[in-house]
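Visitor: Here is how the chains run, residue by residue.
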Amino acid sequence: MKLQEIADKLELTGLTPVFDKDVSGVYISDMVSDVIANAKAGNLLVTVQVHANVLAAANLVDVAAIILAQGKQPAEDIVRMAAKHEIAIFTTALNRWQVATKLYEIGLR
Amino acid sequence: MSQELRRPRYEMVDVQPGFVIIEKEMYSQAARAYFSAEPAPPKEPYREGSQVWSFWEMAQSVRFAVKDTESGEVTRFDELLGLVFYGAADPASDLYQIGDLAQESKVSIYVAVTYEAPDGSRLNIAMDKIRLLNRFFNERLRSRDKKILILPDLFGLYRELTYGQIMLDFGLVSMEGAASQQGESA
Chain A
3 MKLQEIADKL ELTGLTPVFD KDVSGVYISD MVSDVIANAK AGNLLVTVQV HANVLAAANL
63 VDVAAIILAQ GKQPAEDIVR MAAKHEIAIF TTALNRWQVA TKLYEIGLR
Chain B
104 MSQELRRPRY EMVDVQPGFV IIEKEMYSQA ARAYFSAEPA PPKEPYREGS QVWSFWEMAQ
164 SVRFAVKDTE SGEVTRFDEL LGLVFYGAAD PASDLYQIGD LAQESKVSIY VAVTYEAPDG
224 SRLNIAMDKI RLLNRFFNER LRSRDKKILI LPDLFGLYRE LTYGQIMLDF GLVSMEGAAS
284 QQGESA
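First to last, the sequence lines map onto chains A and B.
Mapping of the first sequence onto my numbering: position 78 corresponds to residue 80, and the numbering continues sequentially without gaps.
Mapping of the second sequence onto my numbering: position 67 corresponds to residue 170, and the numbering continues sequentially without gaps.
If you're looking for bench data, these hints aren't it; they were derived computationally from the structure.
Take these hints with a grain of salt, some might be off.
[Unchecked claim] Cut-off 20 Å, straight-line C-alpha distance, at most; resulting in silico cross-link-like pairs (EDC-like, lysine to aspartate or glutamate):
#1 A:86 with B:197
#2 A:86 with A:22
#3 A:42 with B:263
[Claimed, not checked] Distance ranges between label pairs, derived from CB positions:
#4 A:19 with B:208: 14 to 24 Å
#5 A:74 with B:209: 25 to 35 Å
#6 A:73 with B:208: 29 to 39 Å
#7 B:152 with A:86: 46 to 56 Å
#8 A:19 with B:205: 16 to 26 Å
#9 B:220 with A:77: 55 to 65 Å
#10 A:77 with B:200: 15 to 25 Å
#11 B:238 with A:86: 20 to 30 Å
These numbers come from a predicted model, not from an experiment.
For glycine and all other residues, C-beta sits at the position ideal for the given N, C-alpha and C.
My request is simple: use the sequences and hints to build the entire structure.
Guide: Written out as structure tokens, the structure is:
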């Protein structure tokens, strides 16, 4: 499923350009070490963590995009860095559980 | 954009959750870190010769090994404290500027930072292990033309780093302030 399609269906707010990427699954975590050990390339990363190290971990494992739940807002420099590395960042007021269920409903596994 | 699905040659194995314990020496205020896999990390001060070390901060982390599925060889990375993303470095630093240039060619630079030995010196990480880390992370990338380049800390970067710049889990929401002090060991 394409990133843009997911963003549209969940009505996510994009903080960066939406890059043309295929999404292959979802990983939900707020821990950098967990993301490095368990997230997979092409996953959507759902988190409330806005520290730069989450972007560093997301880039290392090549996630397709980051969805910040519960309205979390990253600093401007993190948004710029994410755009430079072609990792889209979205925000939503939904919590992680709500994001997960909606992603499941639209067919992501 | 179709992706070739194949079993990766390298797998992360023996992933052991634990804590990076950062301790400070009472008199010199030197700091050093070590990995503890104990469920309740030790926090009691202890004496080491004329020095007294006490708990200062801790972060959740993992210790892991990488398995080469072709040869069956398993390589442990117990000396690896963490990776530093160039983007987390000071924009005026050599690391940031090199990383910024490399990123124009879609190469993302990370630096492998190791734990301190008991005498305060940095543990060495063999270049073969750095190569293995690079192969492990690069073979699972999907984005076209993207590369990861993990470097050893050839420049003594650890002297300038804070523990907060290393990819460690100091807190679930924010680690600002929790680990903002210098990570010097000497």
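Visitor: Hints first: check each against the structure and report whether it holds.
Guide: Comparing the hints with the structure gives:
1. Among the hinted pairs, residue 86 of chain A with residue 197 of chain B is consistent with the structure: their alpha-carbon atoms are about 19 Å apart, no more than 20 Å.
2. Distance restraint check for residue 86 of chain A and residue 22 of chain A: the Cα-Cα separation of roughly 14 Å lies within the 20 Å cut-off, and the hinted pair is therefore satisfied.
3. About 31 Å separates the Cα atoms of residue 42 of chain A and residue 263 of chain B, which puts this hinted pair outside 20 Å; it is violated.
4. Distance hint for residue 19 of chain A and residue 208 of chain B: a CB-CB separation of about 20 Å, consistent with the stated range 14 to 24 Å.
5. Range check, residue 74 of chain A to residue 209 of chain B: Cβ separation about 28 Å, and the 25 to 35 Å hint holds.
6. Taken as a hint, the range 29 to 39 Å holds for the pair residue 73 of chain A and residue 208 of chain B, whose Cβ atoms sit roughly 36 Å apart.
7. Residue 152 of chain B and residue 86 of chain A have their C-beta atoms about 48 Å apart, which keeps the hinted 46 to 56 Å range intact.
8. A hinted range of 16 to 26 Å for the beta carbons of residue 19 of chain A and residue 205 of chain B is consistent with their spacing of about 21 Å.
9. Between residue 220 of chain B and residue 77 of chain A the beta carbons are some 36 Å apart, a value that contradicts the proposed interval 55 to 65 Å.
10. The supplied range of 15 to 25 Å is met by residue 77 of chain A and residue 200 of chain B, whose beta-carbon atoms lie about 21 Å from each other.
11. With their beta carbons about 25 Å apart, residue 238 of chain B and residue 86 of chain A fall inside the hinted range of 20 to 30 Å.
Of the numbered hints listed earlier, those contradicted by the structure are 3, 9.
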